[in-house]
Structures are given as C-alpha cells and as structure tokens.
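Here is what each chain is made of, one letter per residue.
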Amino acid sequence: MNLSGWLLALIQTTLFVAAAPLFAAWVKALKSRLQNRRGPSLLQPYRDLHKLFHKEVMVAHTASPVFRAAPYIVFSAAILAAMVVPLVAARLPTAAIADVIVLVGFLALGRFFLALAGMDVGTSFGGMGASREMTVSSLAEPATLMAIFTLTMTAHSTNLSTVIAHNLETGLILRPSFLFAFMGLTLVALAETGRIPVDNPATHLELTMIHEAMILEYSGRHLALMEWAAQIKLMLYAVLILNIFLPWGIAADFAPGSLLLGLFAITAKLVILGAALALAETGLAKMRLFRVPQFLNLAFLLALLGMLSQVILEVGA
Amino acid sequence: MSALLLTVFLPLLGMLALIPVTNIAAAGWLNVAFSAATLGAAAALAFQILGAGTMTAHGFHVDAFNVYLVVLTTLVGLTTAVFSRPYMAHVAATRRIKGRRMRVYHTMYQGFLFTMLLALTTNNLGVLWVAVEGATLSTVLLVSFYRTPEAIEAAWKYFILCGVGIALALFGTVLVYFAAQHVLVDPEQGLSWTTLHAQARHLDPTVMSIAFIFLLVGYGTKVGLFPLHSWLPDAHSEGPTPMSAVLSGLLLNVALYAVVRLKVVTDGALAAGERPELAGHLLMGFGLVTFLAAGLFLHRQRDIKRMFSYSSIEHMGLMTFAFGVGHPLATFGALLHMLVHSLTKSAIFVTVGHATHIAGTQSIEHIRGLIRTQPAVGWGLLLGVVAIAGFPPFGVFTSEFLLLSATMHDWPWLTPTLLVGLAVAFAGLFINLHTMVYGKAPEGQKPVKANMLPVAVHLLIVLWLGLSVPPFLARWLDQATLLITGSHLL
Amino acid sequence: MNLAQLSLGEQGTLMLSALVLLTSFALLAQARLVACIHVFAWQGALVGLVTALVALTADTPHLYISAALTLALKALLIPWMLHRLVRRLNMHRHVETLMQPTVVLLFGAALVIFSYVVVLPVERIELAATRNILAISLAVVLVGLLMMVVRRQAVTQVIGFMSLENGLFLAAVAATRGMPLVVELGVAFDVLVAAVLFGVFFFQISESIESLNVDRLNRLSETGEDDS
Chain L
1 MNLSGWLLAL
11 IQTTLFVAAA
21 PLFAAWVKAL
31 KSRLQNRRGP
41 SLLQPYRDLH
51 KLFHKEVMVA
61 HTASPVFRAA
71 PYIVFSAAIL
81 AAMVVPLVAA
91 RLPTAAIADV
101 IVLVGFLALG
111 RFFLALAGMD
121 VGTSFGGMGA
131 SREMTVSSLA
141 EPATLMAIFT
151 LTMTAHSTNL
161 STVIAHNLET
171 GLILRPSFLF
181 AFMGLTLVAL
191 AETGRIPVDN
201 PATHLELTMI
211 HEAMILEYSG
221 RHLALMEWAA
231 QIKLMLYAVL
241 ILNIFLPWGI
251 AADFAPGSLL
261 LGLFAITAKL
271 VILGAALALA
281 ETGLAKMRLF
291 RVPQFLNLAF
301 LLALLGMLSQ
311 VILEVGA
Chain P
1 MSALLLTVFL
11 PLLGMLALIP
21 VTNIAAAGWL
31 NVAFSAATLG
41 AAAALAFQIL
51 GAGTMTAHGF
61 HVDAFNVYLV
71 VLTTLVGLTT
81 AVFSRPYMAH
91 VAATRRIKGR
101 RMRVYHTMYQ
111 GFLFTMLLAL
121 TTNNLGVLWV
131 AVEGATLSTV
141 LLVSFYRTPE
151 AIEAAWKYFI
161 LCGVGIALAL
171 FGTVLVYFAA
181 QHVLVDPEQG
191 LSWTTLHAQA
201 RHLDPTVMSI
211 AFIFLLVGYG
221 TKVGLFPLHS
231 WLPDAHSEGP
241 TPMSAVLSGL
251 LLNVALYAVV
261 RLKVVTDGAL
271 AAGERPELAG
281 HLLMGFGLVT
291 FLAAGLFLHR
301 QRDIKRMFSY
311 SSIEHMGLMT
321 FAFGVGHPLA
331 TFGALLHMLV
341 HSLTKSAIFV
351 TVGHATHIAG
361 TQSIEHIRGL
371 IRTQPAVGWG
381 LLLGVVAIAG
391 FPPFGVFTSE
401 FLLLSATMHD
411 WPWLTPTLLV
421 GLAVAFAGLF
431 INLHTMVYGK
441 APEGQKPVKA
451 NMLPVAVHLL
461 IVLWLGLSVP
471 PFLARWLDQA
481 TLLITGSHLL
Chain V
1 MNLAQLSLGE
11 QGTLMLSALV
21 LLTSFALLAQ
31 ARLVACIHVF
41 AWQGALVGLV
51 TALVALTADT
61 PHLYISAALT
71 LALKALLIPW
81 MLHRLVRRLN
91 MHRHVETLMQ
101 PTVVLLFGAA
111 LVIFSYVVVL
121 PVERIELAAT
131 RNILAISLAV
141 VLVGLLMMVV
151 RRQAVTQVIG
161 FMSLENGLFL
171 AAVAATRGMP
181 LVVELGVAFD
191 VLVAAVLFGV
201 FFFQISESIE
211 SLNVDRLNRL
221 SETGEDDS
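Residue numbers (my numbering), protein chains in the order written: chain L, 1 to 317; chain P, 1 to 490; chain V, 1 to 228.
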C-alpha cells in the first residue's frame with residue numbers, strides 16, 4: 001500500500017476538479033478579448049457555482065427520480081474519469097484502472113444519464129437535445145476508439161499511464177500515425193465537449209443548442225453539478241490530448257521537484273491549448289446540424305488513416 | 001550511327017520546319033518529302049543492322065526486332081503522307097479549315113512519327129515511356145481536329161484513358177528500376193534494356209511480376225486490350241482518315257513492341273521462380289479475351305470506321321496472344337502479322353476515307369454501291385476486307401496459319417476458340433461489306449478524285465507476302481524471333 | 001521495423017509522405033473548385049519537400065534539381081495555369097456536390113489497404129522504409145484514380161490525373177532515390193505539355209457542349225450510334 005501514492009492521486013483529482021472551471025474561464029476570457037469585449041473575470045465560474053449551490057431547486061412535477069439522480073451520477077462519472085487521466089504525474093496507483101476503454105466507458109455513462117435527464121421531463125427541447133447528443137456521440141465514438149487503438153498499438157498496452165510513459169521514454173519520433181490520431185482526436189474532442197463548430201456553449205437558441213438543451217430544466221445545485229461536470233469534461237479532453245501527444249514535463253516519479261515541474265508543464269500546455277481553442281472558436285463558424293456527420297466522418301477518416309499509417313509505415317510485417 | 005540519328009531526328013526536324021508553313025499545299029509536299037527522307041534513312045539503317053548485327057550506342061539500341069518496326073513505321077508513314085496530301089487539301093476546302101489550323105495537323109504528324117521512332121529505338125525504359133506518352137499527346141489534338149462534339153468527346157476519352165494507362169506503366173517502370181537497383185553494379189544503368197536483359201535472372205521475381213502487371217495494364221491500354229480498349233473505336237473513327245490509318249497501323253504496334261520487350265526481361269527474371277510462365281499466360285489471357293470480345297462487338301457497329309477499329313482491336317488481341325504463346329513459330333507469325341496487318345489496315349482506312357467522301361457519311365447503312373460509282377474504291381475495299389479477314393492468298397492468312405499451327409502444338413484445346421473467333425469476325429465484316437460494295441447506289445452519287453496508289457502498293461506487298469515470304473525477310477524475322485524467344489525457327 | 005531506428009530525416013520522409021496521402025483524400029472530398037486547386041498545389045509542394053529531404057539524407061545531389069523542378073511545376077506553374085483557366089471559364093465560384101462523400105472516402109481507405117497488400121510481398125529488409133513509402137505512393141495513385149472516376153467536372157478530373165502523377169513521382173523518388181535526370185526531365189516535360197493540352201481541351205469542350213460536366217459527353221457509345 002503506497003500511501004503517499006494514493007494521497008497524491010487524491011490531491012491530483014481534487015486539483016483537476018477544482019481547476020476545471022478555471023480552464024473554461026480562461027477560454028471564455030480569451031474569446032471575449034478576441035471579440036473586442038472585456039469579458040468576465042477568471043473567477044466568475046466559481047462565483048456562478050457558489051451562487052447556484054445556494055439557490056432553490058425547482059423540479060417539474062412530471063420528473064421521475066432519474067431527473068433528481070442524474071446530476072449526481074454525471075458529476076461522479078466526471079470525477080471518476082478525472083481520476084483516471086494523469087494530470088501531473090504518470091505512474092500513480094490509480095493507474096491500475098486507467099485503461100482507455102474504462103475512460104471511454106465513464107464518459108459514456110455520463111453521457112447516457114445526461115441524455116436520460118434531458119428526455120425525462122418531457123419537454124421538446126430536452127428530447128431534441130438528447131437525440132442530437134446521441135447522434136453526435138454515436139458517430140464520434142468509432143473515431144475516438146480508432147484513434148485510441150492507434151496510440152495503444154504503439155505502446156502495446158491500453159493502460160493510459162503506460163502509453164504516456166512509453167511516449168515519454170522514446171523521445172521525439174515523428175510518427176505519421178500520431179499526427180493523424182492527433183487531428184482525429186482534436187475533431188472528436190470539439191464534438192464531444194460541445195464547442196464550436198459542432199455546438200455553441202453560449203447559446204440558448206433552439207436551432208443550435210445540443211448540450212444546453214439537455215440541462216435546460218435544471219436549477220440550483222443540480223445545474224451547478226451539471227455545469228461543473230461539463231467543465232471537467234472539457235479539461236479532461238484537453239489534458240488527455242496534451243499528455244499523450246506532448247508528454248514532456250510530466251512527472252515520472254514522486255519527487256517534489258519533478259511534481260512541481262509537472263504542474264508547471266501542464267499549466268503552460270493548458271494555457272496554450274486554451275488560447276488555440278479560443279482562436280478556433282472565434283475563427284470558425286458553427287456548422288449546420290446536418291453537416292456534423294460529415295465532420296465526424298472526417299474525424300473517423302483521419303483516425304483510420306492514422307491506424308493505416310501505423311500498420312503500413314511503422315509496424316511492417 | 002548516322003543512319004540511326006537521321007532516322008530518328010528527321011521527323012523532329014520536319015516538325016520544326018512545318019511550324020511556320022501555313023500554305024496547305026506546301027505543307028503537304030513538305031510532309032511527304034520528310035517522310036520519304038526518313039524512309040530512306042530507315043532503309044539504310046536496316047541494311048546496316050542486317051549486315052553488322054545489333055547496335056547499341058548513345059542510349060539507342062537497334063536490333064533486328066525494332067529495325068523491322070522502324071522500317072514498317074516509316075513506310076506506312078510515307079504512304080499515308082502521300083495519301084493525306086490531296087485528302088487533307090480537299091478536307092480543308094470542304095470544311096473551311098484555314099492554313100493556320102492545318103499547321104497543327106502537319107506538325108503533329110511529323111511529331112507523332114518522331115515520338116514513335118524514338119520509342120522504337122531507345123535503350124532506356126524511361127525514355128520509352130516519355131516517347132509513348134509523347135505519341136499520345138501529339139495525336140490528341142489531331143483526334144479532335146474537326147471540333148465536332150463527337151470528336152472532342154473522343155479526344156477527351158482518348159486523353160484521359162491513355163493518360164491513366166500510361167501513368168500505371170510509369171509505376172511499373174519505377175518498380176523495374178527499383179528491382180534493378182539491388183542487383184546492378186552501376187545502379188544508373190537500371191533503366192537500360194540491354195543491361196536488364198543481361199542481368200534478368202538476378203532481378204527479384206516478386207517485384208518483376210508486380211511490375212509486369214502494371215506495365216501490361218499500362219501499355220496494354222495503348223494496344224487496345226480488353227477491357228481497356230474503349231478509347232480506340234472513338235479515337236480512330238472521329239479523327240481525320242490519315243490519322244486513323246497511322247493510329248491503327250503504327251501506334252498499336254509500338255505499344256505492343258514495348259510490351260514484348262518488357263516480357264523478355266520479365267521472362268528472364270521469373271525463369272527460376274515458381275511461376276515462370278506468368279508473363280506469357282497473362283498475354284495469352286488478355287489477347288484471347290480481346291480477340292473474342294472485339295469480334296463480337298464488331299457485329300453491332302453502324303459506323304464504318306468504328307467497325308474497322310474493332311477489327312484492329314481483334315488483330316492486336318491475336319498478336320498479343322501469339323506473343324504470349326512464346327513458341328518461335330507463334331512469334332514468327334506474330335511478327336509477320338504486325339507487318340501485314342499494318343499494311344492492310346492502313347490501306348483499308350485510306351479506302352474508307354474515299355468511300356466516306358463518295359457517300360458523304362460514315363454510317364454503314366448509307367454507304368451503297370461503291371463498286372458501281374467508283375470501281376477503284378469498291379475493289380480496294382473488297383480486296384482489303386478479304387485480306388484482313390484472313391483469306392489466302394493474302395499475307396494475313398499466312399501469319400494466322402502459323403499462329404494456329406503453333407497453338408495446336410502447345411495449346412490444342414484453344415485452337416477451336418481461335419477459329420470460332422476468326423469466323424465471327426469474318427462474318428461481321430462481310431455482312432456489312434456486301435451491301436456497301438454491291439448494293440444499289442443512291443441517286444446522284446458521284447466518284448471523287450481518289451489516289452488509290454498507296455492502297456495498291458500496300459495490298460500488292462501483302463499479296464506478295466502471302467504467296468511467298470522472300471528469304472531476306474524470313475531471315476530478318478528469324479533473327480527477331482531469336483531475340484525474343486531465344487531460339488531460332490528456321 | 002522500428003521507427004526509432006531511422007534517422008530524423010527518414011522519419012521526416014515518412015511523415016511527409018503520409019501528409020501527401022492526406023492531401024489526396026482532401027482532394028477527393030473537396031467540393032469547391034478553387035480550394036481543390038490550392039490543395040493540389042500543397043500536394044505538389046509536399047512532394048517537392050520529400051524530394052529535397054531524400055536528397056539530403058541519401059546524398060544524391062541531382063535530386064535537388066528534381067525537387068526544384070517539382071516545386072516549380074506542380075506547386076506553382078500548373079496550379080497557376082488551372083487558376084487562370086478557371087477564371088477565364090468563369091468557374092471560380094463553382095461548387096460541385098459530391099454523391100455520397102462518406103462512401104467515397106471509405107472506398108479510398110479500402111484502396112489504401114489494397115495497395116499495402118499489393119506491395120507487401122516486396123521484401124527488402126534493408127529498405128523497409130522504402131517498401132512502406134511504395135505502398136503510400138501506390139495508394140496516392142489509386143486515390144487519384146478514384147477521384148477521376150467519381151468527379152463529374154473536367155477540371156477536377158484533370159486535378160485527379162495530376163495528383164496521380166504526383167503519386168508516381170513520390171514512388172520514383174522515395175523508392176529508387178529518383179530516376180536518372182534525363183528521364184525526370186522528359187517526364188516533367190510531358191506533364192507540362194499535358195497540362196497545356198488539357199487547358200486547350202477545356203476550351204474546346206466548353207465551347208462545344210456549353211459546360212464542363214463530362215457526363216454530358218455521351219454521344220458516342222459502344223453500339224456505335226449513327227451521328228455523322
């Protein structure tokens with residue numbers, strides 16, 4: 001029983017969950033700047049969450065127990081997923097369950113209950129959002145898995161920590177499969193986290209909302225948990241992509257120096273990725289909904305090309 | 001050496017000389033003059049080779065096989081140029097084509113001859129590719145010469161299909177070079193045919209079989225093998241008649257030459273492997289299918305030039321089959337067939353050109369009574385079809401007989417198939433021929449000024465070859481057979 | 001074969017070849033004509049870069065000339081000519097709707113697998129990187145062929161043809177360290193003449209059938225209809 005390791009894992013997860021609203025705020029602040037506005041401060045999401053936790057919960061009389069339970073399940077799934085993804089250090093005890101398929105499973109669990117909650121009350125917005133979300137994720141899932149399998153084939157293991165440690169050890173190698181998988185995963189991440197060009201996180205127009213539609217009926221602490229879970233999901237995808245493809249800086253052992261370096265590295269990477277995301281969201285226009293399948297097919301094609309490059313160029317019979 | 005350089009580069013000079021000439025009559029005569037000069041140089045080269053043997057120098061390689069085709073090319077080039085001079089003058093007058101556009105015709109004619117001769121005499125596989133592609137490019141504008149929608153469509157199809165085919169042939173060439181890089185002392189020689197032929201048994205069999213498949217598909221598109229033949233009927237029927245004559249008579253031969261050369265190298269490479277007969281079997285398969293399919297398609301044609309282009313496809317299929325059989329008798333027959341087919345087919349197309357002028361249309365239904373209107377044209381067409389269908393005493397019968405004998409020797413169960421195919425094609429040609437030549441001539445059909453001299457010359461040569469192959473030609477073809485199959489016939 | 005054993009230059013060659021394959025897929029599905037020409041120009045530039053990189057790692061100076069030639073021809077001159085043609089034919093806003101782009105893209109991926117299987121028996125252990133680039137270049141050739149089959153516009157068919165030639169050039173450069181210079185010059189010259197002739201053709205087609213949709217070129221058929 002490695003007590004310090006488990007403690008570290010706990011601290012890392014807490015840090016993850018606590019920093020998620022900050023990352024979302026950073027993206028929002030940059031977007032505002034790019035749109036020539038001053039924008040909200042970086043602590044605004046914390047204030048919003050605080051406000052929501054103290055507000056009264058209003059539940060429709062047509063709601064079932066699922067409606068009340070869903071925010072907690074979704075939030076728990078998000079925390080479990082956050083436990084699995086290495087943030088600062090690579091070889092934590094939680095690495096034992098850090099299988100990529102488990103990760104995909106946790107995300108699917110969250111998504112499932114989110115969709116159920118959307119349909120539960122019986123409003124048209126909720127049903128519409130749930131069906132859109134399911135379309136997007138059913139098309140994104142093959143691309144995700146294909147890209148992930150490409151990565152795991154290189155490291156010969158599906159364990160996230162092993163993959164990251166392998167990439168760290170082998171140094172800088174230009175792999176075409178990684179390039180394709182990176183492009184594919186980025187597109188999938190944009191779709192799954194509900195960012196432009198797939199879904200607008202700031203809209204409440206019937207024509208355009210997917211995620212917002214599903215949580216439209218929530219209020220008070222339920223809404224707070226749902227929003228927080230969405231922010232954790234965004235940070236999750238960001239950290240996943242950064243730490244797999246650009247793992248330099250992540251701590252390979254538990255010495256305080258390397259932990260500090262790991263913290264500093266991930267912060268710097270998140271800052272840059274947030275800036276890139278803000279730029280992309282400002283520059284791109286949201287796609288019409290019937291074009292989203294084409295977008296996701298492109299992601300699938302990129303992931304497939306990554307897999308093919310892996311087999312053709314890097315393995316060799 | 002000088003004979004070789006003259007042969008290859010005179011047409012290039014001709015092309016450059018014809019660029020500024022806008023007077024149609026003058027361009028026609030210049031065309032004839034350059035073609036005649038090239039024929040003279042080719043004859044001198046042939047004498048040199050037959051006397052002294054193979055010549056390899058400065059990236060060129062001339063032996064009995066390709067000098068035979070060089071002489072054939074220049075001969076048909078000359079007779080067609082003689083035919084084309086008054087014919088194109090008449091066309092320019094009736095369709096009101098100005099001298100400036102006729103320049104394209106004459107320059108491209110000489111350019112086409114240049115690329116073909118370069119392809120035939122080069123030692124470098126890469127230059128062979130460049131020359132065959134060049135031959136395609138120089139004829140594309142000629143196929144669309146009349147600018148009708150059908151002509152443009154035919155030229156587009158020709159361009160795209162042959163372009164893609166040739167591109168695949170380039171991939172095959174790259175693979176051959178790749179295979180050669182590992183075994184040769186001097187890798188730079190990897191595209192030289194003589195070096196490859198000498199070192200063939202060291203080349204990797206797997207790479208060479210893949211390469212040969214690409215090369216067969218690529219150059220086979222230009223030969224007109226089924227199912228890559230669909231450009232051929234369109235291109236040969238929509239262009240001006242002299243174009244049809246040279247395309248049918250010459251370009252197909254050059255493409256087949258490329259295939260045979262590469263087959264020789266591939267056979268050397270595969271000889272020790274597990275499937276030594278692969279190249280030969282592929283050629284036989286494609287050739288046989290082409291032969292049968294073309295014979296069947298022939299029946300459905302309603303345009304006279306399309307019908308004869310399918311006949312060309314059929315004969316090319318037969319020749320491919322013959323080269324695939326590999327027996328010296330079959331190869332000798334195939335080489336003889338190349339000669340007689342070119343001569344007969346170009347004669348037929350010349351006659352067809354005159355026939356379409358008489359009748360004013362290319363549709364078979366509307367061409368009638370040629371023998372009554374202009375006996376020379378009628379008899380020319382009749383004799384031409386009789387010759388191409390394989391009747392004795394014409395030369396085509398001789399070569400087909402040799403081929404059938406060889407098939408009966410090695411592949412007896414295929415002989416009935418060949419005979420059936422020959423019969424089918426024969427039927428197709430004669431059904432249409434009968435009404436065209438002997439039918440009731442429509443009112444007001446008048447004879448045209450027709451120069452039947454080239455036709456007469458060609459058919460006489462074919463007749464001569466059918467009655468008795470002269471000894472020098474037999475020895476010449478025997479040397480070529482030795483080069484291709486490695487054993488003598490006579 | 002372990003990627004870690006190759007030098008950085010060879011890894012770069014593999015990476016750039018994979019990007020060339022990506023551009024040929026991009027060409028396959030790109031609906032806007034002008035964007036197609038730009039992607040084709042990028043493809044030419046990438047092939048030129050591969051040539052230069054191979055010249056660097058394999059120490060064959062004559063490949064630099066090839067690289068310069070490719071860049072000048074495929075990345076600059078031919079796209080410029082196509083651009084000019086498109087402007088003169090008034091097609092620069094043209095958007096071509098593709099039938100079932102998903103199916104076409106998946107078929108393209110199947111072609112990539114097929115070309116790998118074809119090249120697989122070529123066993124040269126010391127040139128293992130080469131075998132894989134040979135598979136990639138055959139894939140680019142086949143995807144270019146697919147593009148020619150699927151597209152209905154004459155200009156995009158020609159772009160497909162040119163990208164097919166890019167694949168061939170990639171094969172020649174990466175697998176055999178470039179063909180002899182004479183051959184390369186000849187090939188480049190042929191490509192240039194072909195491009196010029198295509199340009200001439202576009203005008204002839206456009207004048208005769210009032211559009212560049214090659215589906216309308218359908219007067220000639222196998223049964224030899226009578227229209228003289």
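None of these hints come from the bench; they were simulated from the model. Each residue gets a CB set at the ideal place from its N, CA and C atoms; glycine is no exception. Take the hints with a grain of salt, since some may be wrong.
Beyond 10 Å from chain P on every Cβ pair, some chain V residues (computed) [unchecked claim]:
{"id": "1", "residue": "64"}
{"id": "2", "residue": "102"}
{"id": "3", "residue": "114"}
{"id": "4", "residue": "200"}
{"id": "5", "residue": "219"}
To give an idea of the interface, some chain V residues facing chain L are shown, with a C-beta separation under 10 Å as derived from the structure [stated by the list, open to error]:
{"id": "6", "residue": "16"}
{"id": "7", "residue": "17"}
{"id": "8", "residue": "21"}
{"id": "9", "residue": "115"}
{"id": "10", "residue": "119"}
{"id": "11", "residue": "133"}
{"id": "12", "residue": "139"}
{"id": "13", "residue": "182"}
{"id": "14", "residue": "186"}
- request: Quick one: which hint numbers does this structure break? Sort them smallest to largest.
  value: 4, 5, 13, 14
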